[in-house]
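The lines below spell out each chain.
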Amino acid sequence: MSDANHPAIQFRNVSYRVNHTRELLHNLNLEIKSGETLVLLGRSGSGKTTTLKLINHLLAPSDGDILVNGRSTRDWDVIQLRRGIGYVIQDVGLFPHFTIARNIGLIPKIENWPEARIQSRTQELLRLVGLDSDIAARHPRELSGGQRQRVGVARALAADPPILLMDEPFGALDPITRAELQREFLGLQQRLRKTVVFVTHDLREALLLGTRIALLEAGCLITVLTPDDFVQSSEPLIAAYVNAFETSAPRGTP
Amino acid sequence: MNVWQFMLQNHAEVLELTIEHLWLVGVSTILAVLIGIPLGILITRWPALNKPILGSANIIQTIPSLALFGFLLPAPWIGARADRLAILALTLYALLPLIRNTYVGIKGVDRAVVEAGRGMGMTNQQLLWQVELPLALGVIIAGVRVATVISVGLATIAAAIGAGGLGEYIFRGLAMVDNQVILAGAIPAALMALLADFSLGWLENRLSPH
Numbered sequence: 001m002s003d004a005n006h007p008a009i010q011f012r013n014v015s016y017r018v019n020h021t022r023e024l025l026h027n028l029n030l031e032i033k034s035g036e037t038l039v040l041l042g043r044s045g046s047g048k049t050t051t052l053k054l055i056n057h058l059l060a061p062s063d064g065d066i067l068v069n070g071r072s073t074r075d076w077d078v079i080q081l082r083r084g085i086g087y088v089i090q091d092v093g094l095f096p097h098f099t100i101a102r103n104i105g106l107i108p109k110i111e112n113w114p115e116a117r118i119q120s121r122t123q124e125l126l127r128l129v130g131l132d133s134d135i136a137a138r139h140p141r142e143l144s145g146g147q148r149q150r151v152g153v154a155r156a157l158a159a160d161p162p163i164l165l166m167d168e169p170f171g172a173l174d175p176i177t178r179a180e181l182q183r184e185f186l187g188l189q190q191r192l193r194k195t196v197v198f199v200t201h202d203l204r205e206a207l208l209l210g211t212r213i214a215l216l217e218a219g220c221l222i223t224v225l226t227p228d229d230f231v232q233s234s235e236p237l238i239a240a241y242v243n244a245f246e247t248s249a250p251r252g253t254p
Numbered sequence: 255m256n257v258w259q260f261m262l263q264n265h266a267e268v269l270e271l272t273i274e275h276l277w278l279v280g281v282s283t284i285l286a287v288l289i290g291i292p293l294g295i296l297i298t299r300w301p302a303l304n305k306p307i308l309g310s311a312n313i314i315q316t317i318p319s320l321a322l323f324g325f326l327l328p329a330p331w332i333g334a335r336a337d338r339l340a341i342l343a344l345t346l347y348a349l350l351p352l353i354r355n356t357y358v359g360i361k362g363v364d365r366a367v368v369e370a371g372r373g374m375g376m377t378n379q380q381l382l383w384q385v386e387l388p389l390a391l392g393v394i395i396a397g398v399r400v401a402t403v404i405s406v407g408l409a410t411i412a413a414a415i416g417a418g419g420l421g422e423y424i425f426r427g428l429a430m431v432d433n434q435v436i437l438a439g440a441i442p443a444a445l446m447a448l449l450a451d452f453s454l455g456w457l458e459n460r461l462s463p464h
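Chains as they are written, first to last, in my numbering: chain P, 1 to 254; chain D, 255 to 464.
Next up, chain D with everything else stripped away, as it sits in the complex:
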């Protein structure tokens, strides 16, 4: 039986795992955007926070994913359910590209433009929303794109702690020494990553000022 026949026969399960996978990636990316972009803005305003915040996000990124899932297991509310735990871990991983790209994007806005705005009497809020964020948007979306693509891959490991997703097939296939089953998880995950990369790349181009 080849991989296509396998997926056709188990299409309900493939769909269910794909939706679980999307759920893990989607929720964690949204959380990371909600936390990471404000943190990135924050460190452009208070440079003293730059090192501690970017440093922490960097350190999280160096922890092997399987170990991070393990570290979070004893956490009170989070550890009670595998999907919460997986979402938290994926959120933490996605933070670095988001914080860094927001910071770099805003810092990269032409200084003359910011100074002209400030000199004309724009408030910090007006500068941020009307000038800095719109001009940094392309770079910020590039961060979301990197974070999402990494997340799609990492989320397969969440199956190791029982959080579901397409990793289920990969781990099952590994245990059964059955390549077709591994591919039934890997192919949809790869397609999902490509799709996310393509659509966010398109958005990035659309929103870049030049």
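Okay, chain P solo, but in the shape it has when bound:
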């Protein structure tokens, strides 16, 4: 469903308001290229998650259009749209009454894949995210936070969607597990080349994972830059963000 001539996702003059008054997102224009990892960076309340939820139409724009593969999200059948977009959130949201295998195989099952194919796909995905296959029969409560988040990624990849939305997926993990998952994500992305939109407030994570970084502030897009350009930028808001991070970071880390 991806087309080299079109950007995978395109925001055109998009605004989002709550109750016709409070504006969470103001006139956003943004193109996300096929196969890149675009990081939405910004502090709490800057509109990162709102931007993400507009892509899979969990939120509908107040103004403007979001094009996914060249078609407006208003014109998509919303269920079909979402089936082509993997979604990973910080709280993971695994179904607690399903086994790991059933969690991962949910969308394939809904899409009526044959049972054997679902099983082999589940095993393949568990390997892909670095989990033992004997975990398949367990329930989410029997897993650690890191394992749960890996299952969350596997579940999002199950039906091989070309687009992946990740909302602070590693935010709730301890620093060591987070670093491990970030490294694995990079390796995974090198192989899979999905179009990834990744929300974080962590500058280091943004610099590590992003092909480009979009900085949001109070519902406005400040700029979109590659990581290299980002750290060198003299734009006051960017410099402020970078500085805040450098002073808050423990000594000895870049």
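Hints were generated in silico from the structure; no laboratory data involved. Treat the hints with caution; some may be incorrect.
Mimicking BS3-like on lysine-lysine, the simulated pairs with C-alpha atoms at most 27 Å apart in a straight line are [claimed, not checked]:
#1 Lys305(D) to Lys361(D)
#2 Lys361(D) to Lys53(P)
#3 Lys305(D) to Lys109(P)
#4 Lys109(P) to Lys53(P)
Just so it is clear, the structure is predicted and the values come from calculations on it, not from any experiment.
Put chain D on the given structure of chain P with help from the hints.
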């Protein structure tokens, strides 16, 4: 003559009244489940209906049972037979715990889980049947349990309008000032309530996700 001798001598009648009692409670609980659970689901989908529906069920619950039986007496088809009337009244009383527990159960499902499901492209129906209802089932069964236990007690009053059941003994005993006869109705009713409470409690535990 003590209560056991009395029950032994009249075992056929005790059995008949117990079966009548079970019939009243069983039919009314099933009707209340069939009406209350869909209503509970409905108000999770249309929040505007929340207040009118829960409010009505609440008001019904505050009407004294004897008065409710009286109010329903003039109703056309229902009022013609005492057992229909009793079943209707018991159904109305059982609605509140069922609507409320269904609503609270579904609303209590972890929001992250529902949002993940929605974001993955599950339809509302798939979310309801595969995620929300299974996860709310323990709370819903708890509502059925409360409704059933209340119903067993309330059904004794149905005897006042001639609907039968174990209340027959209670009212007869009251009229005769004979405690043994009252107990012959009260003991089986209490056992029935305990049994319902225990078995539905067991089911509730089995079906709760954790």
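**Asked** Looking at the structure, which of the earlier hints fail to hold?
**Response** 3
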